[in-house]
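Following numbering that gives the first Met the number 0, the numbering of the sequence shown begins with 0 at its first residue and continues without gaps.
Hints in this document: simulated from the structure, not taken from any laboratory. Check before you lean on any hint, since a few could be wrong.
As the list claims (entries may be wrong) - Below, computed lysine to aspartate or glutamate pairings styled on EDC-like, alpha-carbon distance capped at 20 angstroms:
1) Lys10 <-> Asp87
2) Lys115 <-> Glu36
3) Lys62 <-> Asp50
4) Lys128 <-> Asp50
5) Lys115 <-> Asp48
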Amino acid sequence: MSLVSIYLWIKAAHVISVIAWMAGLFYLPRLYVYHVEGLQKAGVTRGSDMDLLFQHQERLLLKAIMNPAMIAAWIFGLILVLTPGVVDWTSAWPWAKAASVLGMTWFHMWLGARRKEFVAGTNTRTGRKYRMMNEVPTLLLIVIVVSVIVKPF
Numbered sequence: 000m001s002l003v004s005i006y007l008w009i010k011a012a013h014v015i016s017v018i019a020w021m022a023g024l025f026y027l028p029r030l031y032v033y034h035v036e037g038l039q040k041a042g043v044t045r046g047s048d049m050d051l052l053f054q055h056q057e058r059l060l061l062k063a064i065m066n067p068a069m070i071a072a073w074i075f076g077l078i079l080v081l082t083p084g085v086v087d088w089t090s091a092w093p094w095a096k097a098a099s100v101l102g103m104t105w106f107h108m109w110l111g112a113r114r115k116e117f118v119a120g121t122n123t124r125t126g127r128k129y130r131m132m133n134e135v136p137t138l139l140l141i142v143i144v145v146s147v148i149v150k151p152f
């Protein structure tokens, strides 16, 4: 069976994986906002039931949804890239998409590092900082979708 014959199945799996990954990339920074601001508003400290609940939710989102979705998106995306006739590497759009996907992966890893800081009790970022960082996946998503669909360059 050739990659061309299963192209649409691979493409569907890629899109499903990307949607799941993006959902996590949008939601985890928001959880961090609630974690920081919720603890401040409630006047509770690290190790409280509320802190542990946030840590549990953040860990599950990252480990059970985001990590598998990112890995699947990468695998299916690489299979699509290897499918003959799908990508014209002489155009600029696949390079813009690739750079944006690398940026998205960096953001994912950045979020994972922030989770470790929450667990260790060393987070120094404010809810405002996490709100600002929450815009990163949106900007990268715009570049990716326009690159692939419109192919403006």
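Hint check results:
1. This hinted pair checks out: Lys10 and Asp87 have alpha carbons roughly 17 angstroms apart, not beyond 20 angstroms.
2. About 18 angstroms separates the Cα atoms of Lys115 and Glu36, which keeps this hinted pair within 20 angstroms; it holds.
3. Simply put, Lys62 and Asp50 have alpha-carbon atoms about 18 angstroms apart, close enough for the 20 angstroms limit, and the pair holds.
4. The suggested pairing of Lys128 with Asp50 holds, with an alpha-carbon distance near 19 angstroms, which does not exceed 20 angstroms.
5. For the hint pairing Lys115 with Asp48, the CA-to-CA distance comes to about 18 angstroms; that is within 20 angstroms, so the pair holds.
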